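Enquirer: On the provided structure of chain A, position chain B as indicated by the hints.
There are 2 protein chains.
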Amino acid sequence: MQSDSLEIKPIGAIHSPFNQAGSAPIQPVFARGAEGTVEVLPAYVDALADLEGFERIWLLYWFDRAAPFKPRVTPYLDDRKRGLFATRAPSRPNPIGMSCVRVLSVEGSTIRVGDIDVLDNTPLLDIKPYAKRFDSFDVSRQGWLDAAADKQGESDSRFYRNANDKGS
Amino acid sequence: MQSDSLEIKPIGAIHSPFNQAGSAPIQPVFARGAEGTVEVLPAYVDALADLEGFERIWLLYWFDRAAPFKPRVTPYLDDRKRGLFATRAPSRPNPIGMSCVRVLSVEGSTIRVGDIDVLDNTPLLDIKPYAKRFDSFDVSRQGWLDAAADKQGESDSRFYRNANDKGS
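Going down the list, the protein sequences come from chains A and B.
Heads up, the first sequence is in the working numbering, so the first residue is 2 and it goes up one at a time.
Heads up, the second sequence is in the working numbering, so the first residue is 2 and it goes up one at a time.
Possibly wrong hints are sitting among the right ones.
Computed cross-link-like contacts, SDA-like style, restricted to lysine to any residue with a CA-CA straight-line distance of at most 25 Å [said to hold, decoys possible]: (1) A:Lys82 with B:Lys82; (2) A:Lys82 with A:Trp145; (3) A:Lys10 with A:Arg142; (4) A:Lys82 with B:Glu36; (5) B:Lys152 with B:Glu36; (6) A:Lys10 with A:Val46; (7) B:Lys82 with A:Gly109; (8) B:Lys133 with A:Arg142.
Keep in mind the hints are simulated off the structure, nothing from the lab.
It should be emphasised that the depicted structure is a prediction, and the values quoted were computed from it without experimental measurement.
Isolated chain A (complex conformation) (with noise of 0.2 Å):
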């Protein structure tokens, strides 16, 4: 099994109105009505042909302030700890977030996006597009999230690094 590391590079920058771990909404479904800005560097502005098409992208990005791994978690939407892959949680062996957001508009190297939940200043790794044929399923079973179907998503410190950590 290989183990070796591998190496990513920021494409660019997502800039939201949250600037605090804490103030943000934890998925893009809580943050209607949120608008932000994705700005890929000069050498991917050709690869952003045919986006504005899409309705919805998919953002890759890098929790670069989340707290270390950790196995188990309590989720914001529980009051029990799980296993931190059947979480979001941003505290992950790689820190890696996916965001479904809404296009406003393309143009040269800036995407408005809506419906954003990502903090400010997020480095971004990867856009893709949004196909109900890939991405959309009906899912009948959500572990513990079924339980939590109708709460709120409420955000607080505790993924993140030089916070009180309630997920510990």
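Expert: Showing chain B alone in chain A's frame:
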């Protein structure tokens, strides 16, 4: 804008029946029936707790055999060049793939999965639960993919190293 490189480490490996670029389905939706396993390293076994309750999970992985990034490529489901970020082609600046697969069982360090579209021995980067509220959107505009709605997903070697590069 940050541009230092970041380090990621495989947390395990994905095993599938697909050994060669061009033999794998291009998305889980075209991989119905294909089964594989996800094997995590010992340090991550405890973090698999509670995962079995989920019908589907996201696998994030490293396209280790992908050709280098090109800003425009001809996707499998189209016959025109498109901006790379408007496609799911593997030859990305950061070759990170994501696939939503079905959970069949979780035992020790092994997850048996269905609808797998990933090449055998692919380095695993992350596992996240699939949540309808976060991941399922009824989008009405899907750019060039709208015209490809009834196309079947057949892959070839165009996005892989040492292959005849039809996507160039």
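Enquirer: Can you list which hints this structure breaks, lowest number first?
Expert: Numbers 1, 3, 4 - these are the hints that the structure violates, sorted from lowest upward.
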